[in-house]
Amino acid sequence: MEILKKYPKLFQWLFLLIVFFALCFAIDVPETYKFIRGQAEFVKDPNQSTFVFLGKEVRYYAFDVFWRLPPLLGWLPIWINDSLFFLMNDWMPMEFWNEDTQEYKTRPLVLQITRNLTAFMTFLIELIREILLGGLETIVAFTSWDWIDANPWAELPGLPWTIVAAGSAILAYKLGGRGLAIFAGLAMTYISIFGQWKPSMQTLSFILVAAPLSFIFGLSLGIAAFKSKRVEKALYPILLVMQTMPQYAVLVPALVLFGVGDHAAVIITMIVAVPPMILLTLLGLRAVPPEVIEAGRMSGCNNWQLMFKVLIPTARRDILIGVNQVIMVCFSMAVISAFIGAKGLGFNLLLALNQLNIGLALEAGLCISLIAILLDKMSLAWANKQVDYFGNLNFFQRNKNSLFFGLIMIVGIALAYFGSIYFKDGYNYLFEVPHNKGISTADFWNKGVDWIFDTFFVYIKAFNTWLIVEVLQPMRALYLRMPAIATIVLVVGAGYLIGGTRSALVVCGLTLFIALSPWWDRALVTTYMATFGVIVSCIIGFTVGTLCFQNKHSTKFMLNVCDIFQTFPSFVYLIPVMMLFGITDTSVLIAVIVYATIPATRYTIEGLRSVPSGLHDAATMSGVTKFQRLFKIEFPLAFPHMMLGLNQTIVFALFMVIIGAFIGTEDLGQYILKALSDKKGAGIGLTLGICVAFIGLIFDNLIRTWVDKRKKHLGID
Amino acid sequence: MSEPVIKCESVYKIFGENAETMLKEANGNVDAKTFQENGCIVGVNNASFEVSKGEMLVVMGLSGSGKSTLLRCISRLTDATGGKIFIEGQDLLNLNNKELIELRRNKMGMVFQSFALLPHKTVVENIAFPLQIKGINTGESINKAMDMVKLVGLDGRENYFPRELSGGQQQRVGIARSLAVEPDIWFLDEPFSALDPLIRKEMQDEFLRLQEKLQKTIMFITHDFDEALKLADRIAIMKDGIIEQLDTPANIVLNPATEYVRKFTEEVPREKVLLIEDVMDSSATENIGNLKVLRDEIIENVAEKILTQEKTVAVIDNNNNIVGSINPTKIINTVFGGRKNNN
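Same order as they appear, the protein sequences are chains A and B. Under our numbering, the first residue of the first sequence is numbered 1, with each subsequent residue one higher. Under our numbering, the first residue of the second sequence is numbered 1, with each subsequent residue one higher.
Hint data in this document are derived by calculation from the structure and do not stem from the laboratory. All of these numbers come straight from a predicted model, not from anything done at the bench. Treat the hints with care, as some may be off.
Capping the alpha-carbon separation at 27 Å, the derived lysine-lysine pairs in BS3-like fashion look like this [what the hints assert, rightly or not]:
#1 Lys213(B) / Lys227(A)
#2 Lys9(A) / Lys680(A)
#3 Lys53(B) / Lys309(A)
#4 Lys53(B) / Lys7(B)
#5 Lys229(A) / Lys98(B)
#6 Lys201(B) / Lys309(A)
#7 Lys144(B) / Lys309(A)
#8 Lys107(B) / Lys263(B)
#9 Lys144(B) / Lys213(B)
#10 Lys7(B) / Lys309(A)
#11 Lys309(A) / Lys230(B)
#12 Lys709(A) / Lys233(A)
#13 Lys227(A) / Lys53(B)
#14 Lys5(A) / Lys712(A)
#15 Lys7(B) / Lys230(B)
DEER-style ranges, computed between Cβ atoms [to be verified]:
#16 Glu9(B) / His616(A): 49 to 59 Å
#17 Ser52(B) / Ala618(A): 32 to 42 Å
#18 His713(A) / Thr78(B): 32 to 42 Å
#19 Thr78(B) / Ala119(A): 45 to 55 Å
#20 Ala141(A) / Gly156(B): 36 to 46 Å
#21 Glu9(B) / His713(A): 28 to 38 Å
Glycine is no exception: its CB is placed at the ideal position from the N, C-alpha and C atoms.
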């Protein structure tokens, strides 16, 4: 009883758990219950119940409400879908002038807007793509196909790869010095020699449109939110949901609105990349000290100058992290949007994964990662660049980079011309190495994979079987065995104990949305996979982080490793695990673990680092041992920050679980993937996405509330 | 006398949602307590004063006394809730945004407690910033800024970033920046409070040197009474938003207006503050010795000379006319006995 008086919270938690387990044991599994594997299974089943809401008929298997809630929100996806189609095809028809046919045409407003937007995006992408690779479309955009036919010379020739490679090296030199230049040159040469030039440039042109646009939109919306409370309030819920929304899920509605292709991919990328940019812009602007703003005002800044010369540069660090995020999201979308027909490396990667050609996938993945790291480093170097006012330079010194680039242009063109004479077999290797003519290591990797499979097959299989039979299956069964009412009680109770009524209500709303959707079972499977991944990731991440923290060099090294790993597009993680474990849940889970370990490690190190050095000294002077210091001082103080890491880990894990549907899992992701190929999938895809987002938000809310309270309690900011 | 550079007429600053209506209802009789009960906080309460050209007014008060708020009202970083403020005759509160920016670009400079330097700009870029904001081209503004770098003694460090400088050096940059546009009015908001005592003293001397050269009209905020005494032409002591007393340092020490002010003056070494003229006897000009002291000397500087005399010493003005006398006993009383008299 002493203990209970000392820790009243402990008693409350115990009580909650007792209620939870009591409910679990009290409510039996209904005899008719089974896990629904495919949507087709319950299209026409006489055992189903139906209800009609808003004119939409929803069919479902009725269970005891304590076991599973009826899908009262089942009409939502259908309704979203119908509304989208209505908006696109029937709402507000208007007369629009058509340039090509020279006449007015009736079109719904939204369709016209999306088509114009698409045309604009396509133009931008084609412009950059044709500068890099050559083509007709840009000139056509300004003239017409007839004009092109009459003037066959009019074609953008495209740049030889030598010029692009040297050009990027020069740019890298200008921005970040010799090291970066060497990296840029080598990366580009590698891409070319290994025959990935064309898809890489396609991906690059996609990124070069998507990233700046996302940056501009994110920054302006962030500024707007900073200036006006109302805008911020309107944006906030969207930002929150988008943060935990799997990128997959956005694809489906965008498909309906913008169709298939690179332009749609750019728009989707913007939808995904803008929210983190907004958040970080807002965060950065908020953190600008008031005296700096006053100093700007007293220097006579008008509002414009204050924003762009004082606030944004001062908030630069956070905004830069935003840029980094944008680039990361762009690359991961470059792969994912291959699902809706974006060209480039992502498409090749997907194709190779589909054919289980691990070697090819690896090559494409490597190229994506190389470009990602290069752009990441270059954007960072750009932001850190300084101006030298006092250098007394002559014309040549001032313009040496441009002059050098001019020289490279001439040499490159000359080389390409020389190449066109020298290489008689139709492939000019000095202009562009064709996709199938480069050096390919695919065979080597494939053989390697085969060898690994042959040699270690027994062990891998044994491990695989053990994991699935002994760990995963029972865990999954346990999750599915939870009656809906018990889960809700557990989650809401946790919300109440952590954050009071407000938190409980928020969490309750989020959980109810999922429970009332038709996909509760699937959501449980998603959660089980994410939970498993998160637990293992946290154990690894916290251990590795703590160990690395013991030494300055290893700390720095680990943070760098985290940086690089974070730059890889999430899809790339699937390649090595598929190499080793084939197409199983194990593969997905290992990808999840690898991916989610990054934030767990990073936040552990950062948390431990944030412990004030004064406390270190104080502890040392009290005569603690290393372990005592770690457990009595560092862990308790770093714990709130580490919990934020847990939050990130959960989000990362959920993302990867959903992407893992590509390999084949039976969770929400599988349905999202299905919705992609379904003509009426938009509503389903979006609702599923929201369900995943809400799973993330439930944890997010609980953890954040706890962390805020704990931080206040400890008096750390 | 010429027009005052800064003129405040019953300035109020009240924070809170319905501050303005409450101020109107109060009808010039603002009581902090009743306002607080209604969710308003009184920052500045009925401040009226003038600052003339070339004068240094030091506003002294403890934290939360409203001194920074007063300064921000006069620089219009916040809008005053009531009252009138004139800058060289211009009604500050009626200026539109453009006129206000014009005023700040040409007439005002401000130094901040936390330095408020732009972290992404080097020393010289920071100093050139107000000039560039005005629209002066890069080359010219950088040249001008270099002059300022020399003025505050930071030559050789012009390409450093603020984070690479010590606190004192950073504040030198802040001072140089505020002076770059050659303002007539100079606001300093606790400029030396974040510095170490030794550096603080050094910076105060440096500041006095600069002011001797530049002769700006200055409003200087501090919470350090010694600093106020050292620098000020006149001191305004604030408490709870109200100016308790506004006078010369000597008068504040000799005749504290309220109990609150008296507490501050208690520990002050008089000989460091008072001038000869403050304690001299202007009626008795007979029976005096050969030694003459100037009337505006600080007592500390001449005390030794006077105390070695047996006779009363003559006090003269700048034109060598005898205006009064002072005898050694008076000096001894001032230095050692003053406090007892007050008790």
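Results for each hint:
1. Lys213(B) / Lys227(A): violated, 42 Å
2. Lys9(A) / Lys680(A): violated, 49 Å
3. Lys53(B) / Lys309(A): violated, 33 Å
4. Lys53(B) / Lys7(B): holds, 11 Å
5. Lys229(A) / Lys98(B): holds, 25 Å
6. Lys201(B) / Lys309(A): Distance ~34 Å between lysine 201(B) and lysine 309(A) Cα, so the pair is violated.
7. Lys144(B) / Lys309(A): holds, 20 Å
8. Lys107(B) / Lys263(B): violated, 37 Å
9. Lys144(B) / Lys213(B): Holds, at roughly 18 Å.
10. Lys7(B) / Lys309(A): violated, 32 Å
11. Lys309(A) / Lys230(B): violated, 37 Å
12. Lys709(A) / Lys233(A): Since the Cα atoms of lysine 709(A) and lysine 233(A) sit roughly 23 Å apart, the hinted pair holds (cutoff 27 Å).
13. Lys227(A) / Lys53(B): Cα-Cα ~38 Å, so violated.
14. Lys5(A) / Lys712(A): Within the cut-off at roughly 23 Å; holds.
15. Lys7(B) / Lys230(B): holds, 24 Å
16. Glu9(B) / His616(A): 49 to 59 Å: Roughly 56 Å apart at Cβ, these two residues keep to the hinted range, so it holds.
17. Ser52(B) / Ala618(A): 32 to 42 Å: violated, 54 Å
18. His713(A) / Thr78(B): 32 to 42 Å: holds, 34 Å
19. Thr78(B) / Ala119(A): 45 to 55 Å: holds, 49 Å
20. Ala141(A) / Gly156(B): 36 to 46 Å: This hint is violated: roughly 56 Å between Cβ atoms.
21. Glu9(B) / His713(A): 28 to 38 Å: violated, 49 Å
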